Structure formats: C-alpha cells, structure tokens
Amino acid sequence: MAIPERAITREQIIQRLGATLERGEPIVAVGAGVGIIAKVAEVAKADMIVVHANSRSRNLGVPTTTHLGNPTQMVLDMYPEIDNVVDDTPIVCGIDATDGMRRRLGRLVDHYKSIGINGVSNFPTTVGAGGGGWGKARMDVGMGVDREWELMTLARDAGLLAVGNAHVPEMAKELTASGADVIIVRLGLTIGGDSGPREGMPGVLTKEEEVELVNASIEAVRSENKDTFVIAHGGHLGYPEATEYLYANTDVQGVLSESAIERIAVETYVQNEIARFKSPTLRGAFPPNHA
Amino acid sequence: MNDTAIRPYTRAQIMERLRAQLDAGKPIVGAGSSSGLIAKSAAAGGADIIIVYNTGRTRLMGLATSHLLNHANPTTLAMYDEISNVVLDKPIVGGAEAQDPTYLNDLKRLVGDYQERGYDGLINFPTSFRSDERNNVGLGLQRDFDMVKIARDNDFFTICYGYTAEQCKGLAAAGADVVVPHAGWTTGGLAGARSSAMSLEASVEHVRNLIDLSRAENPDIICLAHGGPLASPEDLQYLYDNSGAQGFLGASSAERIPVENAVLETVAEFKSRKPRVAA
Numbered sequence: 000m001a002i003p004e005r006a007i008t009r010e011q012i013i014q015r016l017g018a019t020l021e022r023g024e025p026i027v028a029v030g031a032g033v034g035i036i037a038k039v040a041e042v043a044k045a046d047m048i049v050v051h052a053n054s055r056s057r058n059l060g061v062p063t064t065t066h067l068g069n070p071t072q073m074v075l076d077m078y079p080e081i082d083n084v085v086d087d088t089p090i091v092c093g094i095d096a097t098d099g100m101r102r103r104l105g106r107l108v109d110h111y112k113s114i115g116i117n118g119v120s121n122f123p124t125t126v127g128a129g130g131g132g133w134g135k136a137r138m139d140v141g142m143g144v145d146r147e148w149e150l151m152t153l154a155r156d157a158g159l160l161a162v163g164n165a166h167v168p169e170m171a172k173e174l175t176a177s178g179a180d181v182i183i184v185r186l187g188l189t190i191g192g193d194s195g196p197r198e199g200m201p202g203v204l205t206k207e208e209e210v211e212l213v214n215a216s217i218e219a220v221r222s223e224n225k226d227t228f229v230i231a232h233g234g235h236l237g238y239p240e241a242t243e244y245l246y247a248n249t250d251v252q253g254v255l256s257e258s259a260i261e262r263i264a265v266e267t268y269v270q271n272e273i274a275r276f277k278s279p280t281l282r283g284a285f286p287p288n289h290a
Numbered sequence: 000m001n002d003t004a005i006r007p008y009t010r011a012q013i014m015e016r017l018r019a020q021l022d023a024g025k026p027i028v029g030a031g032s033s034s035g036l037i038a039k040s041a042a043a044g045g046a047d048i049i050i051v052y053n054t055g056r057t058r059l060m061g062l063a064t065s066h067l068l069n070h071a072n073p074t075t076l077a078m079y080d081e082i083s084n085v086v087l088d089k090p091i092v093g094g095a096e097a098q099d100p101t102y103l104n105d106l107k108r109l110v111g112d113y114q115e116r117g118y119d120g121l122i123n124f125p126t127s128f129r130s131d132e133r134n135n136v137g138l139g140l141q142r143d144f145d146m147v148k149i150a151r152d153n154d155f156f157t158i159c160y161g162y163t164a165e166q167c168k169g170l171a172a173a174g175a176d177v178v179v180p181h182a183g184w185t186t187g188g189l190a191g192a193r194s195s196a197m198s199l200e201a202s203v204e205h206v207r208n209l210i211d212l213s214r215a216e217n218p219d220i221i222c223l224a225h226g227g228p229l230a231s232p233e234d235l236q237y238l239y240d241n242s243g244a245q246g247f248l249g250a251s252s253a254e255r256i257p258v259e260n261a262v263l264e265t266v267a268e269f270k271s272r273k274p275r276v277a278a
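Chains as they are written, first to last, in numbering that gives the first Met the number 0: chain A, 0 to 290; chain B, 0 to 278.
It is worth saying that the hints were derived from the structure and are not from the lab.
These numbers come from a predicted model, not from an experiment.
Worth double-checking, as some hints may not be accurate.
As the list claims (entries may be wrong) - Below, in silico cross-link-like pairs of lysine-lysine (DSSO-like), each with a Cα-Cα straight-line distance of 27 Å or less: (1) B/LYS273 <-> A/LYS44; (2) A/LYS277 <-> B/LYS25; (3) B/LYS273 <-> A/LYS206; (4) A/LYS225 <-> B/LYS273; (5) B/LYS168 <-> B/LYS107.
Let the hints inform the model, and build the full structure from the sequences given.
Written as structure tokens, this is what we have:
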C-alpha cells in the first residue's frame with residue numbers, strides 16, 4: 000500500500016479546527032520531538048502536531064530548554080522522523096524568526112513548505128526570552144520581534160497555517176494583525192512532573208492569573224480578528240483536568256500539550272509500568288536451584 | 000555496600016544489588032531506555048538496570064523495532080551521555096554487537112570502548128546468532144562467547160540474550176553474569192508482533208528449557224526473560240510461577256507500549272474536556 004503525502008492546506012486545517020469545535024471538543028495540539036509521540040498523537044486524533052526546538056530537551060529528560068543548538072536547525076533535524084510517521088494530521092514547525100543565519104525568512108518559509116510542513120510557528124520567540132524587552136531591543140539591529148509579525152504574513156501568503164505564540168496580549172494582537180490563524184497563549188513553563196517548576200515559585204502564574212492573561216489575550220485577538228483560533232499552553236495545563244477551570248472561565252478553544260504529553264505523561268506511564276513489573280513475586284529464594 | 004551509592008558500579012557491586020533484590024523475593028527488572036526521559040522515568044519506577052540499545056532509537060521514531068537503521072556500536076556508544084546525564088544510581092548497560100566487522104580482529108577494543116565510555120556493563124545485542132553465512136566468515140556466534148569471556152576477564156558485568164540452547168550454554172560457559180532467554184519479538188501495542196508470536200505457555204516452556212541449560216553450565220547465573228508474549232506484569236507472574244526465571248528485561252514493554260499508552264490516554268483525556276465556546 001502506497002503511503003500518501005500529507006498534503007493538507009491551510010484552508011483545510013482551519014476547516015478541521017472549526018469542525019472540532021462544532022463537535023464540542025477542544026482543539027488539542029500535541030508537541031512532539033520524536034516519531035512515537037507524533038504517530039500515537041495522530042492515532043489519538045490530535046488536531047495538529049507541533050515541532051518546537053524545546054522538544055529535544057524534554058526527551059533528554061532535562062528541564063525544558065530551547066537553546067541546545069540553533070532552534071530552527073533543531074526543528075529541521077527532528078522533523079523528518081515525525082513527518083515519516085504522520086499521514087493525516089497537520090504538522091506545524093517552529094521557526095526562530097530572529098535566526099541570524101537565516102535572514103531571508105521568505106526563503107525559509109518556502110523551504111518548510113517544500114518539505115511537507117503544513118504550518119509555521121514563531122517559536123522560540125524573542126518576547127519569551129529575557130522578560131520581554133529583548134525582542135524590542137533587537138528591532139534596532141533588524142533582528143527583533145517584528146520579524147515574528149513578518150513570519151505570520153509570509154506563512155499565510157505561502158498557504159501555510161500561521162501559528163503565533165504570544166506571551167503577552169500586545170503580542171497576541173500584533174501576531175493576529177499580521178495574519179496568524181491560531182494564537183497560542185503561553186502561560187509559562189508547564190508546572191509539574193520531574194523537571195517542571197512548582198506552584199508558588201517566583202514568576203509562576205496562579206490559575207486566576209492564567210485566566211486573566213488568557214482573557215486579556217483573547218480580547219486583544221478579537222479586536223483584530225473574530226475568526227482567529229485561540230488556544231493555551233503551559234502553566235497549570237500539564238494535566239487534562241486542569242483545563243476545566245480555564246474552559247469554564249475563558250473563551251479559550253483548546254490547548255497545546257507539550258510537556259503535558261511528551262514529558263509528564265511519558266514520565267508517569269513509564270514509571271508506573273516499571274513499578275508494575277517489579278510487583279510480581281518470585282516463587283523461590285536465590286538461587287532457586289540451591290533452595 | 001550502600002544501596003544508594005552513585006554510579007559507576009563495579010561488577011561486584013551490581014551483582015550484590017541484583018542478589019539483594021532476589022533475596023527480597025523481587026524480580027529483577029531491566030529497562031531498555033533510549034532517551035534520557037525514558038531512562039530517568041524507568042529508574043524512578045524502580046528498574047534495576049538501565050539498558051541502552053541502538054534499536055531503541057527506532058522505537059522512539061515510531062517504527063517497529065528495526066535493526067538496520069544505524070551502525071549499532073557507534074550508535075550505542077554515542078547514546079551514553081544522554082542516559083548517564085539523568086541516571087545517577089542504577090547500572091547502565093550498553094548493547095554491544097560482537098559481530099561488528101569494524102572490530103574484526105580486536106574484540107578487546109570493543110569491550111574496552113564500552114568500559115571507557117562509562118558503561119557499567121554490556122549486553123550482546125544485536126547478535127547475529129543463527130547465520131551460518133556469518134559463522135563462515137568469522138563473524139558468528141563464537142564472537143558473542145569471546146566478547147563475554149573478555150568482559151569477564153576485565154571484571155566487566157555482562158547480560159546476555161540467549162535465543163537458542165547452543166547460545167545459552169555457550170554464554171553461560173563464557174562467564175555471563177546474567178542470561179536472558181529470548182522469546183521473540185514483543186507482542187502488543189501499535190507496532191508489536193501479532194500472530195507470528197509464540198503463545199504464553201510455549202514461551203514459558205522455551206524460557207524454562209533455556210534457563211535449565213544455562214544453570215547446568217553455571218548454577219549461580221541469574222536468569223531473566225524477554226520478549227514474545229511476556230509483555231505485561233501479569234504475564235510475568237505466570238512466568239515466575241512456572242519457571243526459575245528471576246526477572247525480566249523490558250524493551251518495547253518499557254519504552255514503546257507505555258509511551259503509546261501515555262499519548263493515547265492523555266490526548267483522550269484532553270479531548271474529553273469541553274470548552275464553553277465549543278458548540
């Protein structure tokens with residue numbers, strides 16, 4: 000049986016996301032840095048697979064880290080193994096829009112399209128790094144956050160899904176104005192698991208603060224475009240039950256699960272399975288033939 | 000010895016740790032781990048040995064376990080840092096391919112490379128145990144025995160897969176510390192063996208025979224099992240009740256099936272919550 004190409008257009012993705020919401024389901028995007036996560040996410044009917052540079056760190060078993068290499072190159076290195084096993088789920092890949100080695104963003108977007116990538120995302124983002132001022136400061140040297148706005152427009156013009164990661168409402172607004180089809184409101188590192196932050200640590204948002212940020216971001220998005228999808232990532236959303244509070248108190252339409260799946264769920268399931276393998280008892284003392 | 004001692008471990012320390020588990024009536028569990036995330040989670044779950052295989056990368060790629068996608072020894076040697084970075088208090092064993100022709104005249108260098116890299120022991124994997132064609136050019140089963148003998152002479156811990164009577168006997172005689180009768184490709188999950196696998200009863204019978212042959216060579220050898228329908232804790236209890244097996248090496252059972260279930264069930268959980276804006 001021939002394996003089909005994964006030719007899914009921006010319009011088709013948007014239509015599918017709308018259909019998901021019409022069925023009463025949240026949009027669930029799954030971050031994957033290895034094939035097995037992406038392949039099973041497709042079986043589980045995830046709405047999209049997202050390849051961001053920080054996936055690599057999650058699979059290393061270390062705290063989530065973006066810069067273990069050139070982030071765009073890391074995505075291009077991880078993508079073939081994910082592309083290989085995903086047949087009918089859109090794959091969105093991150094681009095560091097301020098990558099100094101790739102100044103011609105349009106050419107990069109075209110390259111992503113040419114290798115079968117279905118959407119692009121401004122990840123990592125300069126506004127995520129260093130508390131927000133960095134992306135603006137870098138505009139002076141032509142490597143600032145405005146390149147992330149440009150990336151949205153280029154993606155859209157190329158017929159790729161434009162996915163904007165926003166740490167603050169102003170960013171959500173700009174990304175939307177530049178053509179983002181989906182905004183991901185980023186709530187910070189995902190709380191929990193073996194290498195995530197804990198509740199109450201400095202800078203970790205409370206659930207109430209997350210609701211405020213999501214509501215303000217949605218308002219900013221809606222002021223530009225009523226049709227842009229808004230989903231959320233991180234913070235308390237490492238566990239499915241935690242989405243209930245956010246869904247009850249905001250108009251957010253779904254989640255991007257990165258650490259929630261590729262870190263916390265894998266840790267939990269592997270740990271529990273090994274513990275279960277330790278649970279049977281041996282019938283005799285060691286060595287059995289001496290007993 | 001302090002059980003919380005930190006790596007690296009000598010062969011004697013590993014044997015002491017394993018025997019302590021057996022004395023407590025607990026099975027020994029080795030966990031195939033091809034990424035830091037899997038390895039540290041397996042260690043946290045209580046695995047006694049972390050095992051690094053070149054084939055593990057293919058499992059994480061979402062493929063059926065495949066042998067031919069990389070050059071085994073360089074791959075396994077290169078995987079060490081990622082695993083040792085997050086596993087502090089469990090022995091880490093690397094899969095060494097004795098039939099690698101790039102070590103044609105120098106198996107001592109092969110064993111030495113694993114020792115120098117930092118591994119606490121080796122396992123004869125992959126192994127080209129049943130090919131006459133490889134035997135005919137000096138790259139057959141005897142290489143497994145020679146590698147284990149060298150490791151033993153170096154006081155380097157060895158675990159050995161044994162697929163056949165000849166292989167189990169030879170490995171035990173060569174000085175293997177642990178033998179693992181292999182019952183075939185693991186069943187279950189999205190990429191497991193199906194009708195090609197042995198039944199549970201047949202695989203336990205197969206394992207029991209290989210254990211008896213191994214113990215006839217060395218009464219003190221630790222005997223585990225791997226593969227085929229032996230993929231769940233329930234299957235393992237049946238194995239322990241019906242053989243002298245003392246534990247289990249999980250590879251697909253540790254790093255494929257639980258990962259598949261983690262994604263399947265967690266995505267389903269996320270999907271089951273309804274946003275207020277959804278229709």
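Status of each hint after checking the structure:
Simply put, B/LYS273 and A/LYS44 have alpha-carbon atoms about 16 Å apart, close enough for the 27 Å limit, and the pair holds. Note on A/LYS277 and B/LYS25: the hinted pairing holds, with a Cα-Cα distance of about 7 Å set against a maximum of 27 Å. Annotation: proposed proximity of B/LYS273 to A/LYS206 holds, straight-line Cα distance about 18 Å (limit 27 Å). Restraint check: the Cα-Cα separation between A/LYS225 and B/LYS273 comes to about 20 Å, which is no more than 27 Å; the hinted pair holds.
For the hint linking B/LYS168 to B/LYS107, the alpha-carbon distance of about 22 Å falls within 27 Å, and the restraint holds.
Of the numbered hints given earlier, the model fails none.
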